[in-house]
Every structure is written in structure tokens, then in C-alpha cells.
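Colleague: Once you have looked at the hints, place chain A on chain V.
The listed protein sequences correspond, in order, to chains V and A.
Using our numbering, read the first sequence as starting at 1 and increasing by one per residue.
Using our numbering, read the second sequence as starting at 1 and increasing by one per residue.
One thing to keep in mind: the hints can contain errors.
[What the hints assert, rightly or not] Reference excerpt, derived from the structure (chain V facing chain A, CB under 7 Å, subset only): (1) LEU36; (2) SER58; (3) ARG66; (4) TYR77; (5) GLY78; (6) TRP86; (7) VAL94; (8) THR101; (9) THR102; (10) CYS176; (11) GLY186; (12) ILE191; (13) ALA213; (14) GLU214; (15) PHE215; (16) ALA218.
[What the hints assert, rightly or not] Sample of chain V residues lacking proximity to chain A, with all beta carbon distances greater than 12 Å (derived): (17) LYS114; (18) ASP254; (19) ARG276; (20) ALA322; (21) ASP329.
[What the hints assert, rightly or not] Footprint (simulated), chain A over chain V, 3 or more residues, beta carbon under 8 Å: (22) 20-27; (23) 205-212.
Note that these hints are calculated values from the structure, not bench results.
Keep in mind it's a predicted model, so treat the numbers as computed, not measured.
Where is the CB? At the ideal position from N, CA and C, for every residue including glycine.
Chain by chain, the residues:
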Amino acid sequence: MDVIGQCALLAAVRGSPGNMSIFAPASPGAHSIVDLAILTFVVTGLIFVVVEGVLLYSVWRFRQPRVEQTGEPPQVYGSMPIEVAWTAAPTLIVFFLVLVTTRTLWDVEKTQPKSKPGDNTLFVNVIGHQWWWEYVYESYDGRILGFVTANELHMPVSDDDTMRPVYLTLKSADVCHSYWVPRLAGKVDLIPGRVNSLMLETKEPGLQLGQCAEFCGAQHANMLLRVNVDTPEEFERWLANESKAALEESAVADGRAKFLAQSCVNCHAVRGTPARGTYAPDLTHLMSRQTLASGIIENTPETLADWVRDPQPIKPGCLMPAFGLTERDQQLIVRYLLSLR
Amino acid sequence: MSSLVEQPRGIELADRPADVAMNMGWTAQAHEWATTVDHKKIGIMYVVMSIVFLVIGGIEAILMRWQLFYPRSKVLDQDTFNQLFTMHGTTMVFFVGMPILIGIGNYFVPLMIGARDMAFPRLNAFGFWVTLFGGVMVYMSYITGGAPAVGWFAYAPLTSNTFSRGAATDFWALGLIVSGIGTIAGGVNFIATILGMRAPGMTLRKVPFFVWTMLWTSFQILLAIPPLTAALTMIIFDRQLGAHFFDVPNGGSAYLWQHLFWFFGHPEVYILILPVFGMVSEIIPVFSRKVLFGYEFMAAATMGIAFISLSVWAHHMFCVGMGRMPDLFFAVATFLVSIPTGIKFFNWLATMYGGRIWFASPMLFSFGFLSMFLIGGLTGIMLGAAPFDFQLSDSYFVVGHFHWVLIGGTLFGTFAGIHYWYPKVTGRMLSERLARWQFWLLYIGFILTFGPMHISGVLGMPRRIYTYDAGHGWEIWNQLSTLGALIQVPSYAILVYNLITSLWKGKPAGDDPWDAWTLEWMTTSPPPSYNFEEVPTVHSRRPLWDLKHPEDPDWQYE
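Just chain V, same shape as in the assembly (with noise of 0.2 Å):
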């Protein structure tokens, strides 16, 4: 059993961020399940040798063609004491087992304190969508944010001296779906109708990959997520960003005038514009995310480009249509998405 856990560790390259291995914890959290995973590998891989090996040893020792065989080999009923013994030890590990369990358990589930100043905690509320993540970034450090996101969380790592946990409350707007990111936490499901919570928090810096684990629909596969782990400083320069309202350049005042002409508006926002849409990803930051379509292609003028042309074959049975804009149009909006850093 110890073997599977180690070609789960040779086969992901350490450090590299395609790394989605639970045995390459970034958290405390995911720490400790791997803590009580070694455990049960040790206990259950004992029982393994042990039973396996009799099974084999009773294969090879007692194995008799039937032309060879003579008369029948003693018969033995059974034995109290022998079932008694048998019935005890492996009581006795299910008692550990509970202990352990019950140990990493209160361990990692913990409960979402209020938010105050001066405790470096960040609160986001994820919304789960067909099939792509919204982010509400509730409040840090005390101070109210309020603004809205999409598909990729950004928090602050943690250091020696402090931690900046985040704490997500988990909802879903329309079906079930399940919040993975193998590196720093178990997964914890997004249900309509219910509100769940989970705790991030990591000393690593960087890129982490999951992705959403319930089965969702058409793109369940492509509902990808993404979260930066961004320096403290990096952090507090993408919030200063994030917080604003879009910019407003009059170069692309004709494509801005585009945008809002179309149907996008039904389903995006765009903060200080008319474009209030809660259907789909708010776009007011769009140039600030490395990727689009819930992580699936990088962001860049091309793609960007393709994605407005038709998105279908990108990410088939999405729920964003082509619209059959004119090639001209379509390049005044695309140039106007590209203002909105």
C-alpha cells in the first residue's frame, strides 16, 4: 500500500505547478490528512501482507490435484477461541483507526470565525455556476471589500510570523459542485440551498490547480480553478485593483458603446457601466486574469478574440452563445475587454 503513495510522489514533479498530488501538501490542513493517510497505508498495508500472505502460503502448501487426492483431509468445525481472537484484533484496530481519525478530524474542520480588523483573515464567498466560479471578496483584514470576481482566487500566503488564512463560504447558484484544490485542502461540496465553509491557508507562494469534482454537466471537465498565492504586498496592490471600478479609456469608447448595445450586458457586469449582468463572470478586472473560460485557455488578445467570435468550440454546450457579431464589431468589443485591466 506504501507503494502506491510512493509512485504518487515520484510521478508528480515537485514544485512544478501542473502538481495536483494530495502527497504534495501546501497546507496545514492538507498536511495532516496526509499524516493520517500515511497511517492507514502503514495499518492497512500490514493487514494486506498478513492476509495475503496467508491466503498465498495456504495456495502453495495445501494445493493438491484432484487425481492425487486420497480420502478427505481432517474436518475442523471451527474454534471459539481462535474466532474470539480474530474478532478482537481487528476491533482493536478500528479502535485506533477512531482515534486517529477522530484527531485529524477536528483538525481540519474548522469553524468560520467573524471577521475583525487586525486578524490578516480574508473572507470570499465562491459561488459555484455552470460551469465556472464566481468570487465575492467579503472582507481582509477587517476592512470591507465588496467587490466581485471570477475563476481565479487570489489570497495572501502566510508566513513564519503570521498567518493570513482565508476562510470561503461555499454556495451554489444552480447545481451541485465540489471545491478541489488537492494541495491545500480535502474537498468540500458547493449544494444549492445549503452554505459550507472551508479553510485555505499556505506558506507557498504561487500557482495552485484543482478543479471542480462534482459531476455538474456538459463541462463538469472544464471547470478548472485556479488560486495565486500572492506576497502580502502583491496581495494589497491586486485588492487596491480589484477594488476599483473600471477604467474608462476613450480610446475604445466606441467599442464600450458596442458592449453595452449588445445582449453581453445580460449576463456580465462591468463595474461603474450600465452592465450589471449576474449570469456570468463579472469582466470588470477580465485583463487581470491569466486565463479564460474557468482555466481552460490562457487570456490573450487571440484567444480572447476566438472566445468572443463563438465560444462553443472552446467549451462546448457553455452557456454563452456565438452572437454573430460583425467582424467589426467584434473587434471593438474585444479591444474594449482588452482596456479592462
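Modeller: Leaving out everything else, chain A in the frame of chain V:
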């Protein structure tokens, strides 16, 4: 070998299905099978139906593995893939796993307790036909433009009209309601048969172990299937009549579905494994030439599993945010199941120990069962440790785990049963050479398919994704899985070929080819429609042992 056991044989030749077939026209034969209430013919039809669905479900699996061979592969689109895994899961659980076990039970429970038929023969026929009808109905959804794409546990509100347009989900829910009625009918029938129709002298403490497990499986069926039927009816009400059971904006609860479904879903797992425990508990003693070790403890452990398994359902729901105490409760209950399961395992090993183990095909498959089911049980302990499950749940690790249990456990055990009892059903032996090929291809292919899934799951790969990106280290494990699936294909082909050709090519079996100990081996192969000309009287758990060893009968020790 078994000349000690003589049975009058009036008309047995005319009763062999093959001989009857020769004397009957095609339509007469079809009429005979369609209208039969003979538990043996119904049992055969259950098993044949299951094998047909096994092949269909297998083809679905191969298509999915083909799509997952390369990252971002475009063999299948997302809708086709999502439909395939829904149909694969539904098919394998409802139209392969349950009916094949109920079918084998149908054939052998009456024979093993010395009865002439099931308690309610017409209910029995009804049960089979509605099960088949339910299966056909679920597949009819393809006619409406596509199968349901909701997953076999179909979490609400994905099943609502809003998210599942078209009629596919209605066909799915209706099909499962209908086949569920058949399953409940089967359960009632088994209970009535086992409690009321045992041969003289066969007290409940003396029933063959397979019969004992079928009894407890039937109780589980009665407790588990009705909640599913109720939940599916709620889906139909929501979709067709505008009810709001799972409609969250109107005060319904999506969470309710999960509890209802898993209250069925977990006992279901034991419905799929308890009869198999029974089969290997018949086979291991016969092929080790030793009496089953610790029958009473085995029997108590079966009851223990049947009871405890009713209180573990929410271990499928550790990630829904139930809170620490419920998580702990269900983790503890889950761990507790491992105690009676462990007892069973140790008793099987003790039965083999000191015996004379003959590796004919039934024993070979039983060995496959023992060596593989253990691993599925141990990964189950990992999943039962709630915090570990926060990581493993809904990942490919879970897919690896439950296939290990359902193939390593249920399927290997069922194949052991099929190889053990085929001679009784047909009067012919299966080819041992083909059985060995089938076993080793399945054994190797199975390990290669589902072993790597544990690793891709640990590497963060969620289940039910139609495609994935390169760069997470998942490619190689998916490719090994697909390779393993391809190795399994010829194994199933060999099984089907062996089952068919042995009907006329197989060596004649005689009444008791394995020198076994339970009542079914007392009558002819195949048994006459009335099973026993004289109802046998039983004194111990191994009535044929008593007949073959009058100097040292079992009842002295029980």
C-alpha cells in the same frame, strides 16, 4: 464418485433444455420461455439478461477508456461521454450486478433447500420480466435523442427539467422504478421461500451458507429499494407534475436526494456482495475438501454486515459539510463493517488451511475473489477515514476502489459461482482450458485497469471528466488503464464463447461432478422441472457428506 446418492430418474432426458429444444419448434420454444414459472428457467433468463447487459456496459466502458487515452482527446464529445458513464454505472449496478445474483439465487436457493420451486412462482416470473422491461426502458432513452447525462447517482438538481431537458431522465427514473419493483418481488420471494419451504430437518441453523446470505440480501433489498423507488418517484413528480421535492428555489432540498439515494446506495453495495460471500462459502469448502470453518460466526457476521450497512450511507457524503459529529459517526460505522468482514475472511482462510485445495476453475475464481476483494476492502478503510476521504472522494481513487470491490469481489465471485454451477444447470462441464484463459486475462487486465486509477486519483484527477489537461502526471496512468481494459475484452469474449459452446461440446457432467455436499448435487444435471422426486430429509449442513460418510456424519458435530 457419488454412487452413494441414487435418485430415481424417470424423465430426466426429456427435461434437458438442449433435448427439449430439439423437439420443439422455434415459436413453441419462445412461448415456453416467455410463459414459464419454473424458477430454474427464470434463473437462466436472469443470468443471460445480465450477461447481455454486461457486454453492453463493457462496450460503454471501452469507449470511455478510448476517449481518456490521450489528454484533450476528441474521440467522444462531452455529452456522449457523460451519457456513457451514466449508462455504464446504471447498467452494471441495476441490470448486471443485481439480476445476475438474483438469477443464480433463483436457480439454486430452491434446489439447495430441497424445495420444488420458489414460494411464489408467478411473482417470480413477474419479477424477471419487469426487471428486463426496466432495463429496456432505460435504454429506450437513446431513442429520445440521447441517454441521461446525470451520473448513476444522479444528484439533484441536475435531474430537474431546468438542467436535464428532454425525456432521457424520465426514462431513466421510470426504468429504475420498474426494475426496482422486480427486485423487491425477488426479495419477498426469497424470504418466503427460505423461511417457509425448507426440506424436513433443515432448520435455519442448517441452511447452506449461500441460502443464508440470500436471506439477508433479501432483507436488505426490502429495506433499501423502497427509499430509492420513493426518491425516483419524487423526481418524476418534480419533472412531470411540477412538484418541488428537489427544487431549491421553491423550498425543496437538493441535499435530501443525496440522503435518500445513499440510504439505498450503500446497502446496495452489500446486496451486490453478500450473495457472493455465500457462493465462495460454498465453493471454498468443496474445493478444499473441508467443512466451512466457524459456520455460526460466519452466519452472525453476515447478519452483522446486513445491520451495520444500514447505518453507513452518509460516508458517501463526507464532503457535503455535515459537520464533525455526523462525519465521525459515519466514519466509525464504516470502520465497524470491517470487523464482520474480517471475520469472514479469516474463516475462509481457515477453511482452506489444512485442506486439499484443488484449483479447478471455481476455486481459481474464488482465489481471484479472495486476493482482490481484500484490497478493495482495505482501500475502503482509507475512504472511511473521513478526513482522508475529503481528498479521495469523487476522485479516480474512488473509481478504482469500487471497481476493485465490484469486479474483484462481485464479478470474480459470481464467475466462481457460474463455473461451479454450470454443470448442474446444463449437464455439461465448461472447458477448464478456456476458463483458465478467461481468469488470467481478467486478473491481469483488471489489475492493470483499476490499479492505476488509485494513483491518478491521488494525483488529483476527479471522476466523470470527459477530458483532462496534460501536465498533471495523469497521462501514463490513464493509458495503462485503457491498456488493461483492452486486455479484459478477450476475457469476457472467452466466457461467452465457453458458456455457449460447452452446451454441446462440454463433457457430460453427471449429477455431482465436484463431489460436493449440498442438496442441489443430489438431483440430476440439469434437474427435472420438479427438482426432487422425493423431498430429501436433512440432518446437517452437509446432507451429502452425511450420505457419503455414514461412518462419520456431520450432525455428530453440529
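Colleague: So, for every hint listed, does it hold in this structure?
Modeller: Right, here's what the structure says about each hint:
Interface hint status for V/LEU36: upheld, as the beta-carbon distance to the closest one in chain A is roughly 5 Å, under 7 Å. The closest approach between the C-beta of V/SER58 and any C-beta of chain A is roughly 5 Å, which is under the 7 Å cut-off, so the hint is satisfied. With its C-beta approaching chain A no nearer than about 5 Å, V/ARG66 sits inside the 7 Å limit, and its interface hint holds. Hint on V/TYR77 holds. Least Cβ distance to chain A is approximately 5 Å, under the 7 Å limit.
Among the interface hints, the one on V/GLY78 holds; its C-beta lies about 4 Å from the nearest C-beta in chain A, closer than the 7 Å criterion. A least Cβ separation of about 4 Å between V/TRP86 and chain A falls short of the 7 Å threshold, and the interface hint therefore holds. At about 4 Å, the closest approach between the beta carbon of V/VAL94 and any beta carbon in chain A falls short of 7 Å, and the interface hint on this residue holds. Interface restraint check for V/THR101: the shortest CB-CB distance to chain A comes to about 5 Å, inside 7 Å, so the restraint holds.
With its C-beta approaching chain A no nearer than about 6 Å, V/THR102 sits inside the 7 Å limit, and its interface hint holds. Interface hint at V/CYS176: satisfied, since its Cβ lies 5 Å from the closest Cβ of chain A, which is below the 7 Å cut-off. For V/GLY186, the suggested interface contact is upheld, since its CB lies about 2 Å from the closest CB of chain A, less than 7 Å. The criterion of a C-beta within 7 Å of any C-beta in chain A is met by V/ILE191, whose closest approach is roughly 6 Å, and the hint holds.
The interface hint given for V/ALA213 holds, since its Cβ lies 4 Å from the closest Cβ of chain A, which is under the 7 Å cut-off. Taken as an interface hint, V/GLU214 checks out: its beta carbon lies about 6 Å from the nearest beta carbon of chain A, inside 7 Å. At its closest, the beta carbon of V/PHE215 sits 4 Å from a beta carbon of chain A; the interface hint therefore holds under the 7 Å criterion. Here the hint on V/ALA218 is kept, as its CB sits about 5 Å from the closest CB of chain A, short of 7 Å.
Listed as outside the interface, V/LYS114 is consistent with that label: its C-beta sits roughly 19 Å from the nearest C-beta of chain A, beyond the 12 Å cut-off. Its beta-carbon lying about 37 Å from the closest one in chain A, V/ASP254 satisfies the requirement of being farther than 12 Å from that chain. With a least CB separation of 21 Å from chain A, V/ARG276 remains clear of the 12 Å interface cut-off, as annotated. Against chain A, the non-interface label of V/ALA322 holds: every CB pair exceeds 12 Å, the least being about 17 Å.
Here V/ASP329 stays apart from chain A, with its beta-carbon at least about 29 Å from theirs, past the 12 Å limit. Note: the segment 20-27 of chain V has 4 residues with beta-carbon separation from chain A under 8 Å; the three-residue rule is met and the coverage holds. As drawn, the segment 205-212 of chain V meets chain A at 4 residues by the rule of a beta-carbon pair under 8 Å; at three or more, the given contact holds.
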